[in-house]
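There are 2 protein chains.
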Amino acid sequence: MIKKLIDEIIKKDAPIVAGLDPMLSFIPEYLKKRSFEEYGQTLEGVADAIWRFNMQIIDAISDLVPAVKPQVAMYEQFGIPGLETYVKTIKYAKEKGLIVVADVKRGDIGSTSAAYATAHLGKIVIDRNEIEPFGSDFATVNPYLGTDGIKPFVDACNEFDKGIFVLVKTSNPSSGEFQDRSIDGKPLYEHVAEKVVEWGSASMNGTYSNVGAVVGATYPEVGEKLRKLMPNTYILVPGYGAQGGKGKDLKVFFNNDGLGALVNSSRGIIAAYKQEEYKKFGDTGFADAARAAVLAMKKDIKEGAF
Amino acid sequence: MIKKLIDEIIKKDAPIVAGLDPMLSFIPEYLKKRSFEEYGQTLEGVADAIWRFNMQIIDAISDLVPAVKPQVAMYEQFGIPGLETYVKTIKYAKEKGLIVVADVKRGDIGSTSAAYATAHLGKIVIDRNEIEPFGSDFATVNPYLGTDGIKPFVDACNEFDKGIFVLVKTSNPSSGEFQDRSIDGKPLYEHVAEKVVEWGSASMNGTYSNVGAVVGATYPEVGEKLRKLMPNTYILVPGYGAQGGKGKDLKVFFNNDGLGALVNSSRGIIAAYKQEEYKKFGDTGFADAARAAVLAMKKDIKEGAF
Numbered sequence: 646m647i648k649k650l651i652d653e654i655i656k657k658d659a660p661i662v663a664g665l666d667p668m669l670s671f672i673p674e675y676l677k678k679r680s681f682e683e684y685g686q687t688l689e690g691v692a693d694a695i696w697r698f699n700m701q702i703i704d705a706i707s708d709l710v711p712a713v714k715p716q717v718a719m720y721e722q723f724g725i726p727g728l729e730t731y732v733k734t735i736k737y738a739k740e741k742g743l744i745v746v747a748d749v750k751r752g753d754i755g756s757t758s759a760a761y762a763t764a765h766l767g768k769i770v771i772d773r774n775e776i777e778p779f780g781s782d783f784a785t786v787n788p789y790l791g792t793d794g795i796k797p798f799v800d801a802c803n804e805f806d807k808g809i810f811v812l813v814k815t816s817n818p819s820s821g822e823f824q825d826r827s828i829d830g831k832p833l834y835e836h837v838a839e840k841v842v843e844w845g846s847a848s849m850n851g852t853y854s855n856v857g858a859v860v861g862a863t864y865p866e867v868g869e870k871l872r873k874l875m876p877n878t879y880i881l882v883p884g885y886g887a888q889g890g891k892g893k894d895l896k897v898f899f900n901n902d903g904l905g906a907l908v909n910s911s912r913g914i915i916a917a918y919k920q921e922e923y924k925k926f927g928d929t930g931f932a933d934a935a936r937a938a939v940l941a942m943k944k945d946i947k948e949g950a951f
Numbered sequence: 646m647i648k649k650l651i652d653e654i655i656k657k658d659a660p661i662v663a664g665l666d667p668m669l670s671f672i673p674e675y676l677k678k679r680s681f682e683e684y685g686q687t688l689e690g691v692a693d694a695i696w697r698f699n700m701q702i703i704d705a706i707s708d709l710v711p712a713v714k715p716q717v718a719m720y721e722q723f724g725i726p727g728l729e730t731y732v733k734t735i736k737y738a739k740e741k742g743l744i745v746v747a748d749v750k751r752g753d754i755g756s757t758s759a760a761y762a763t764a765h766l767g768k769i770v771i772d773r774n775e776i777e778p779f780g781s782d783f784a785t786v787n788p789y790l791g792t793d794g795i796k797p798f799v800d801a802c803n804e805f806d807k808g809i810f811v812l813v814k815t816s817n818p819s820s821g822e823f824q825d826r827s828i829d830g831k832p833l834y835e836h837v838a839e840k841v842v843e844w845g846s847a848s849m850n851g852t853y854s855n856v857g858a859v860v861g862a863t864y865p866e867v868g869e870k871l872r873k874l875m876p877n878t879y880i881l882v883p884g885y886g887a888q889g890g891k892g893k894d895l896k897v898f899f900n901n902d903g904l905g906a907l908v909n910s911s912r913g914i915i916a917a918y919k920q921e922e923y924k925k926f927g928d929t930g931f932a933d934a935a936r937a938a939v940l941a942m943k944k945d946i947k948e949g950a951f
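Line by line, the protein sequences are chains A and B. Numbering of the first sequence is given in this note's numbering, commencing with residue 646 and proceeding in unit increments. Numbering of the second sequence is given in this note's numbering, commencing with residue 646 and proceeding in unit increments.
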């Protein structure tokens, strides 16, 4: 699957994944109003508004970016109706030729991780029926439980041609609390990175592995170190834009082949219409504002990182 | 919420939480057949069979245990229909007077953890409507992202009178890969334990905190150390039974007040009818077998741990 992602990155000339993390405050009032009129002020109403919002965003950017990354928490908070929108969003994005990275950060003991891998990347077998529960292409995974919590995901990568991104150094302010602590002279995130390389060697797909890593744009000096430690690992880079990361900070995340990093922006794209710079698009132009924000991000990365 | 849990533990004289982790292989054929006849060999069919299975288990044990712990991965793997059964199971268990521990092991950056906390413990506000998306009493949480990934859950504990259990030392074989690594002379899990105490001090509820910890029964020597390090922290203890933990291993997880630990067994209870010891109950007696297994577990803990 990483090869397919790389092909799409090259084709669209954009190492960008757009985060579909629709907080309720991101949805324009007129869209919510319409959905509430139909479904009431219910979970169904919110889920419908988010679905309409996501469709328009996907329509506006699907020719520009190789991938989208729905953050499942933003759908889980709206219960079953929210998760129905999550499923529809994944399906719609795939129909539009986009690769879907499920930002689920799952991870558990072996048998439970196997169930999560089935849910998000695999197929459930019911006698002779095979059904994809969520059908994403990639999933993010938490490494705290060690190898037997990760292996079922790697197995799913191999069985279903999928990929994962393992949390190594996250973008949030307190990520250092445990991840930066020194073990045998190097930080925990380096130990995790070494394991990512080991896990990844069991699922190579061309030059890169289907087992990628998450490293926050907010820590470029860490990114530089980890880029060298994991030469064949694709890095999913959150934290660009709203969290503070800039184009010039991203250079270190790329290899000399111009590949190796997939930069995420979420609210910087989907809520662009709320920024001063894109206010001219107005509420009803939120999807056009998202498109403009993707183009600006593409330029910023080109100029800053290459 | 921890006070309510303790009251129920004392009332039922059982520091036990039954794991509702229905793997498809645990569901008796006759139940699956009935559901498949009605819904086909579909996710809906499986979800219906699990729902019927869970109801009977809950009916059989609700007077014996204070709490149940559905493992969400086992429902997620059956997509939306699986999650509908998850929601119905939580609701049904609460109607039967049980406390529900959502084993979700969520954890992310601050704003995303806030969405997860809303989903599983809180209420979503849609104008003047307040809706509980999943409505559990406790949730399990992953600490890898540090304080700002945990704080939204602690806030939810305080706002909605709920609780969490933070992964400290998990029960799986490879848990030591990162959790046991030494930082400044002590293992990572001790550093996490210190943070659990710190986080927990912001949500005390009687002698104990609403912020608990997960420590596997499979590592009793670690349990003994952590019990002393976190005197006011309730410990959720997985790994009893099928994973190898025994009653006598549990002694160290309890405080001198006879409290402080909640022991989980999942397949040891819900799939008891498949064990040699309970075969006499047969497939149709799976719920009675579960009841017998709870009674045996209660005895084993009493004799081994007190």
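Check each hint, because a few of them may be wrong.
Derived pair list, reagent style DSBU-like, types lysine-lysine, alpha-carbon separation capped at 35 Å [as the list claims (entries may be wrong)]:
{"#": "1", "chain 1": "A", "residue 1": "Lys678", "chain 2": "B", "residue 2": "Lys657"}
{"#": "2", "chain 1": "A", "residue 1": "Lys840", "chain 2": "A", "residue 2": "Lys678"}
{"#": "3", "chain 1": "B", "residue 1": "Lys831", "chain 2": "B", "residue 2": "Lys768"}
{"#": "4", "chain 1": "B", "residue 1": "Lys919", "chain 2": "A", "residue 2": "Lys768"}
{"#": "5", "chain 1": "A", "residue 1": "Lys924", "chain 2": "B", "residue 2": "Lys919"}
{"#": "6", "chain 1": "B", "residue 1": "Lys657", "chain 2": "A", "residue 2": "Lys796"}
{"#": "7", "chain 1": "B", "residue 1": "Lys873", "chain 2": "A", "residue 2": "Lys796"}
{"#": "8", "chain 1": "A", "residue 1": "Lys736", "chain 2": "B", "residue 2": "Lys678"}
{"#": "9", "chain 1": "B", "residue 1": "Lys656", "chain 2": "A", "residue 2": "Lys733"}
{"#": "10", "chain 1": "B", "residue 1": "Lys896", "chain 2": "A", "residue 2": "Lys656"}
{"#": "11", "chain 1": "B", "residue 1": "Lys768", "chain 2": "A", "residue 2": "Lys736"}
{"#": "12", "chain 1": "A", "residue 1": "Lys739", "chain 2": "B", "residue 2": "Lys873"}
{"#": "13", "chain 1": "A", "residue 1": "Lys678", "chain 2": "B", "residue 2": "Lys947"}
{"#": "14", "chain 1": "A", "residue 1": "Lys741", "chain 2": "B", "residue 2": "Lys919"}
{"#": "15", "chain 1": "A", "residue 1": "Lys678", "chain 2": "B", "residue 2": "Lys796"}
{"#": "16", "chain 1": "A", "residue 1": "Lys768", "chain 2": "B", "residue 2": "Lys741"}
{"#": "17", "chain 1": "B", "residue 1": "Lys873", "chain 2": "B", "residue 2": "Lys925"}
{"#": "18", "chain 1": "B", "residue 1": "Lys896", "chain 2": "B", "residue 2": "Lys944"}
{"#": "19", "chain 1": "B", "residue 1": "Lys924", "chain 2": "A", "residue 2": "Lys768"}
{"#": "20", "chain 1": "B", "residue 1": "Lys648", "chain 2": "A", "residue 2": "Lys796"}
{"#": "21", "chain 1": "A", "residue 1": "Lys796", "chain 2": "B", "residue 2": "Lys656"}
{"#": "22", "chain 1": "A", "residue 1": "Lys648", "chain 2": "A", "residue 2": "Lys678"}
{"#": "23", "chain 1": "B", "residue 1": "Lys893", "chain 2": "A", "residue 2": "Lys768"}
{"#": "24", "chain 1": "A", "residue 1": "Lys736", "chain 2": "B", "residue 2": "Lys943"}
{"#": "25", "chain 1": "A", "residue 1": "Lys870", "chain 2": "A", "residue 2": "Lys925"}
{"#": "26", "chain 1": "A", "residue 1": "Lys678", "chain 2": "A", "residue 2": "Lys831"}
These are computed hints drawn from the structure, not numbers from a lab. All values derive from a computational prediction rather than experimental measurement.
Check each numbered hint against the structure and report the violated ones by number, ascending. 1, 2, 3, 5, 6, 9, 10, 12, 13, 14, 17, 20, 21, 22, 23, 24, 25 and 26
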